[in-house]
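A.B. asks: Residues per chain, in single letters:
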Amino acid sequence: MKKKILIFAVVLAIMLIPTLTLAADEEIGEATKMAINTVWTLLAAFLVFFMQAGFAMVETGLTRAKNAGNIIMKNLMDFAIGSVAFFAVGFAFMFGADQGGFIGMSGFFGLDKMEHLGLGIPLEAFIIFQTVFAATAATIVSGAMAERTKFIAYVIYSAVISLIIYPVVGHWVWGGGWLSKMGFIDFAGSTVVHSVGGWAALIGAAIIGPRIGKYNKDGKPNAIPGHSITLAALGVFILWFGWFGFNPGSTLAGTDMSIGRISMTTNLAAAVSATVVMIITWIRYGKPDVSMTLNGALAGLVAITAGCAAVSMIGSMFIGLVAGIVVVFGIEFIDRVLKIDDPVGAIGVHGLCGATGTILVGLFATETGAFYGHGFNQLLVQAIGVGAVAVWVIATTFVLFNIIKATVGLRVEKEHEETGLDIHEHGSEAYADFHIKTADTLF
Amino acid sequence: MKKKILIFAVVLAIMLIPTLTLAADEEIGEATKMAINTVWTLLAAFLVFFMQAGFAMVETGLTRAKNAGNIIMKNLMDFAIGSVAFFAVGFAFMFGADQGGFIGMSGFFGLDKMEHLGLGIPLEAFIIFQTVFAATAATIVSGAMAERTKFIAYVIYSAVISLIIYPVVGHWVWGGGWLSKMGFIDFAGSTVVHSVGGWAALIGAAIIGPRIGKYNKDGKPNAIPGHSITLAALGVFILWFGWFGFNPGSTLAGTDMSIGRISMTTNLAAAVSATVVMIITWIRYGKPDVSMTLNGALAGLVAITAGCAAVSMIGSMFIGLVAGIVVVFGIEFIDRVLKIDDPVGAIGVHGLCGATGTILVGLFATETGAFYGHGFNQLLVQAIGVGAVAVWVIATTFVLFNIIKATVGLRVEKEHEETGLDIHEHGSEAYADFHIKTADTLF
Amino acid sequence: MKKKILIFAVVLAIMLIPTLTLAADEEIGEATKMAINTVWTLLAAFLVFFMQAGFAMVETGLTRAKNAGNIIMKNLMDFAIGSVAFFAVGFAFMFGADQGGFIGMSGFFGLDKMEHLGLGIPLEAFIIFQTVFAATAATIVSGAMAERTKFIAYVIYSAVISLIIYPVVGHWVWGGGWLSKMGFIDFAGSTVVHSVGGWAALIGAAIIGPRIGKYNKDGKPNAIPGHSITLAALGVFILWFGWFGFNPGSTLAGTDMSIGRISMTTNLAAAVSATVVMIITWIRYGKPDVSMTLNGALAGLVAITAGCAAVSMIGSMFIGLVAGIVVVFGIEFIDRVLKIDDPVGAIGVHGLCGATGTILVGLFATETGAFYGHGFNQLLVQAIGVGAVAVWVIATTFVLFNIIKATVGLRVEKEHEETGLDIHEHGSEAYADFHIKTADTLF
Amino acid sequence: MKKLEIITRPEKLEDVKELMNKSGICGMTVSMVSGCGLQKGRKEIYRGTEYTLNLLPKVKIETVVADRVVDGLLESLIRTVKTGEIGDGKIFVYNVEDAVKIRTGERGDLAI
Amino acid sequence: MKKLEIITRPEKLEDVKELMNKSGICGMTVSMVSGCGLQKGRKEIYRGTEYTLNLLPKVKIETVVADRVVDGLLESLIRTVKTGEIGDGKIFVYNVEDAVKIRTGERGDLAI
Amino acid sequence: MKKLEIITRPEKLEDVKELMNKSGICGMTVSMVSGCGLQKGRKEIYRGTEYTLNLLPKVKIETVVADRVVDGLLESLIRTVKTGEIGDGKIFVYNVEDAVKIRTGERGDLAI
Ligand SMILES: Nc1ncnc2c1ncn2[C@@H]1O[C@H](COP(=O)(O)OP(=O)(O)O)[C@@H](O)[C@H]1O
Ligand SMILES: Nc1ncnc2c1ncn2[C@@H]1O[C@H](COP(=O)(O)OP(=O)(O)O)[C@@H](O)[C@H]1O
Ligand SMILES: Nc1ncnc2c1ncn2[C@@H]1O[C@H](COP(=O)(O)OP(=O)(O)O)[C@@H](O)[C@H]1O
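If you're matching them up, the sequences are chains A, B, C, D, E and F in order. Under the numbering used here, the first residue of the first sequence carries the number 1, and numbering increases by one thereafter. Under the numbering used here, the first residue of the second sequence carries the number 1, and numbering increases by one thereafter. Under the numbering used here, the first residue of the third sequence carries the number 1, and numbering increases by one thereafter. Under the numbering used here, the first residue of the fourth sequence carries the number 1, and numbering increases by one thereafter. Under the numbering used here, the first residue of the fifth sequence carries the number 1, and numbering increases by one thereafter. Under the numbering used here, the first residue of the sixth sequence carries the number 1, and numbering increases by one thereafter.
In short, the hints are calculated from the structure, not lab data. Glycine is no exception: its CB is placed at the ideal position from the N, C-alpha and C atoms. Worth double-checking, as some hints may not be accurate.
[As the list claims (entries may be wrong)] In the DSSO-like style, the derived pairs of lysine-lysine whose C-alpha atoms are separated by at most 30 Å in a straight line are: (1) B:LYS220 with F:LYS43; (2) C:LYS339 with C:LYS287; (3) D:LYS82 with B:LYS214; (4) D:LYS82 with E:LYS82; (5) D:LYS60 with B:LYS217.
[Stated by the list, open to error] Per the computed footprint, the stretches of chain C lying under chain D, defined by three or more beta-carbons under 8 Å from a beta-carbon of chain D, are: (6) 76 to 88; (7) 217 to 227; (8) 283 to 293.
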């Protein structure tokens, strides 16, 4: 669990208000504390929920109009199915009584008391907070595999990641599993949430192959512009907004006075990363690239997520700087060298920057990081954590996507891909009143 | 008013944190409680306010581009006019000193103290919370009557529902009126808010008649696809987000530790309902229908609203299940059998699922429901409440819409409907830069 | 700083709950108070952050599709660059130790303790709250100068306003500077935030000149409709939502029981103003104008911002009424008489209504206003403040924009403006799949 | 072969399609255009500024048919489309020198 | 009757409309097209990948006029539209065999 | 001069553009249209209501060329575009009476 640093917070509070004399009964009463923390955790959970809208807008905005309905539907259903799956099973695997450091095994259907968690908020408040986190991990993949994946295949995938793949990682790091015991720091989930989604996206996109027309015969990538930069940008703003629930909310405690600093580190990393990407693309491509800069903001948010509570504000700016560099060159590398077609840049943003941000905690954590003179132990632990999670996710999703491919099939037919998934998979168009440049079905 | 279960919450809190010994002054002080509850209520109110954006996006997304500006304008103005009308008069009818169980009669223009309410938060915080609820009821109708209603007619309607129709129902159930005395349970307004809007939508859509082209001469319905599934989906995500203010916020108390469970029941019902609709449409239509599944999520949210605080998490999943079934067959029934043209499915979602959800409380309420061995009394009360509200709303809106029809007129001219309400009612187009398939006015 | 009225709030709370006997330890403990206030301030800050999305949607919606990506990018980058600039320098100028009432001089890079502020919340929570306010001031200009400004010019401008222009005004009013000492009331920033942005917009739009085609040779203005009224409306709803963080959040205290009333005054002013604009445009133009009514809602929000905590609910309705009148005639005046081309109406909304709302505090403030029998002193102070800020901003931005013009250049080439800034400044289109009426670059 | 180019109100498209079907015309190509003729557009006010929408939405239906059916088709088209109000539009007739059916390579009358 | 088909820069549409009005031409039909000719489009970089926008937006203005006005109209059109830069576009002239005014049933020159 | 009007599947546009380039054809104008022919559209269900998408998206490519190249071009076009499936579309050939290059004022064959 997240460390409660209440007493420290109170002390801090006392120091900050030196002009006020404090009564002896200064400490916050338990009932009060629980109320404040529950209010805080729930509101943070609602903000994180809203990130689903952000993902939906980013993913649909960066892909083509003929597939917009399909992407929307995937985003809606991974949350819906994931909510049920996680409540029924995933939560128990993640936070149930520890089985050998690997998996949890109690709390199915929210039916156990879960006293071993020592929660300072009602169990249900904790479950909803964890549910929206699980859904975030699940939804990342839909963008990377967009515009060519069978809907049924995606439905199966999203159930499985919420049922088992994500919860196992979550157990390792947040549920009392082996990584948490090693001192691995991933405060709000750069690795647990984002890189899980990112690696799954990597494997999914690699196995399904690029969209028709993405690569020329000579392997040169073609640009396939998204259909609405305005919706993509709206999505990024929504995600940034939701991230203020994601990171500060992960204290699970409004009485934890570090929430102010966490808000600042979150914001600064995103701001710096977006700025860095703007500058890099300006230099490299001759003009500041809008959609890449949008990715840049997300890259900073993903990267700071692990260390948002452990680094200083100035440290967070450096993390943002690195994230900005990683995301541009990472996306180019995936696109040009690996030749994996990721329409929205999800692998670069969530996979690479999730990993990078987690590792950087080993350098920038003010209490344990190398740059603050605490040696390289934390860095090593961070690297082990990142590596172990990558192996687990890559292995399991490799099996999963191959099973799906062999059974219901992973990819739609060529003709369906060309005319658009909306018509073929859902029987309707997303923009029935507009003239679409390709593959629209008029009147 | 909503029951304060603070003491229970404290006891629960104590049980959940068994490792901590609690001081004698454990109970939350009144000033602290008021602060926490005010913060909670206001933030919930803001979320509910944001549902206006959700409604606007859903309604415009599911209708045609040529009427988008008109729908936006209706959504904006029902909130603006409704806010003023409810503040000036509606609130007093709803929460003023009770007159024979039927209506309240004090607090016009927020000028009375309203001590009889025994509020634990400042009166103004309570008024803003109630204002955004009133606006929700009002806005439901605009979708059902979309694409053919005169703007002036809608303005009049929305003033009247906020002034009197909704407040009277609100008084019966939440303002100390006769239904509240019978033990009718409608925690956050499946009936008070949603079915009021739904029944008004039913009457409005029936009186105004279907859009040109909706039904063939032989009565066969035609599909008139909406112009932006992405905006409709964004709207649904916004509504879902706002519902976390709507339901948990209805405790008016952040110190009420049931807010965690209410968040969970709300989320699970929506998730299950969306999933169920996806499955039903997949089976019935051959493909999972995007826009109907969006309706499905809303159906679950509407249905759980009455019982969100009274049912268990598992109970909420069953309520979601029923809502999903009701919404698909309900919308089909309205469309094909009743031949009432409801472009966005508002009657099915808010009317039918609001009623269904309220009645299901009689079965699923853990403390009073039939399925928990408490007999059918609650069920009967629920049915009476649903029926009485339906009768009141149907009767008053029937009179209202007929008066409007006879005076300023309800429906735009045929030519205006064909070319689009934006040009004729507002003198501009919503998408001036895009080529619209029908009825656009280029350059 | 904002006045803490805690003790009053507690007394009020006690009076409102007369049935409860209150223990002696009634006052809220410091640690509890800090926790509640921090939670409140942060959540308000997040809401204000989200206003960035609102501005982005309003500005892009009210301009043409060919420039949508550019506007998005400007909105994203002014926040990103502004966040860094304000954290590094602006905050210190605004809230650092006072230097002769004019500017602050400590707290660069968040490195000082800032004890002179006497904050009841952690410093970082205060910085994030102030950061999102600064970004709001910065972003206002992008709309007024839309569709013709060089991106690099905008980037420079937005850094400078966040570094120095806005912080100086902020210091005068909120940082202990000379205006605060005079008793100038601008609770949440009608003047500090909105009119700063508005006057900068005025100067920027005047210096850069109108868009090609905006005025005929005879000076008659032409209508250049925006490309998406739905996105513009979404933006207005988001802004309205965010304003509930902007105004009530400016208490910095959830324990300050005036937050309920502030929410109400904010909402009522916006509702009345939107309604008034609808009526005026209906009468003047023959039809209720959608986009002007959207401006109307914002006008009310801007105008009430100064006095939201000082006026009564009924007073706020009058402020909304005046704002509605000012915005319509103000926008017409700027467009037709001054012949300054402001595509989104930012000068009218933020400049004129910001000034008007601030001045009206001198009439409507219940404790000091002329209408409540307190003479014209407050009114005079308000006028001085409004005037001084206008002079400062107009002077500095006049110099700034002229320097930019003389160096990197302010305006894009004629051809770029015609074909659209997206292609020329960023190398991509915002709506690659849609047929755009003018200046699109197909396939 | 002749090409008939029918420019008319968008709302008449469905009727034309039905007529074509009944007449056994098996191919047509439709595009959205904007036009002005006697019907001149309308003045509106946007944010206080007057502007003219001076091109109106029209649909253009092109169909290439054998010479012999032209006259009959013209007549039934007029009957179907005519409302008698300004804005009904025009039908223009062009000569088509050759036609190719890409799928089969057939030319001339066989191709249409 | 002849049909003039003017394919040119979208920003010239307003001028053409004005010219038509002045010349007493009472009908035209406009559509948005994309074209390439000597003007070849442009290379841009999107997310690091180069791509060519090789069709440029053009406007197509079709107007059917009586034979006798063709030459004069062509000349004034050239004067109006010409910028001298690549991308000015083309005017094509076609023969129109017949025209029908749907509203009245009038045929031939009477119909235009 | 002749105008070739190629109506075919949108996904073939790139191939046609390439062919034109290779054949030294220096101008063409493209528009998105919808059509029906033997290929009749499809039935879908939206919110429980069946509806027919009876016009399919097609691309219309117009190019005006000198008489002598018509036959050769037609043949290579067929080769390029043909899939053998219904929906391949048509090519229509029209006579062009005159052409003007607006930029230079050149007329006739010189203009294309
Ligand atoms: N001479 C013409 N050349 C090309 N298109 C024309 C011509 N005359 C009319 N049209 C088209 O026909 C449409 C209807 O013509 P209009 O004159 O308004 O109605 P009516 O033919 O009923 O008098 C116009 O909007 C335009 O698109
Ligand atoms: N032979 C042609 N057939 C059809 N359209 C053509 C032809 N030549 C040019 N066009 C159209 O005219 C437009 C402008 O032509 P372009 O050669 O670029 O400029 P210019 O005519 O000034 O040299 C092209 O984009 C295309 O739409
Ligand atoms: N006689 C015609 N006149 C105009 N357009 C036609 C005609 N016949 C076919 N078309 C166009 O060609 C497209 C393809 O024709 P279709 O008959 O479906 O395929 P195919 O030519 O391969 O049999 C149609 O969608 C329509 O746009």
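A.B. asks: Tell me, which hint numbers fail for this structure?
C.D. replies: As far as the earlier hints go, 4 and 6 are violated by this structure, in ascending order.
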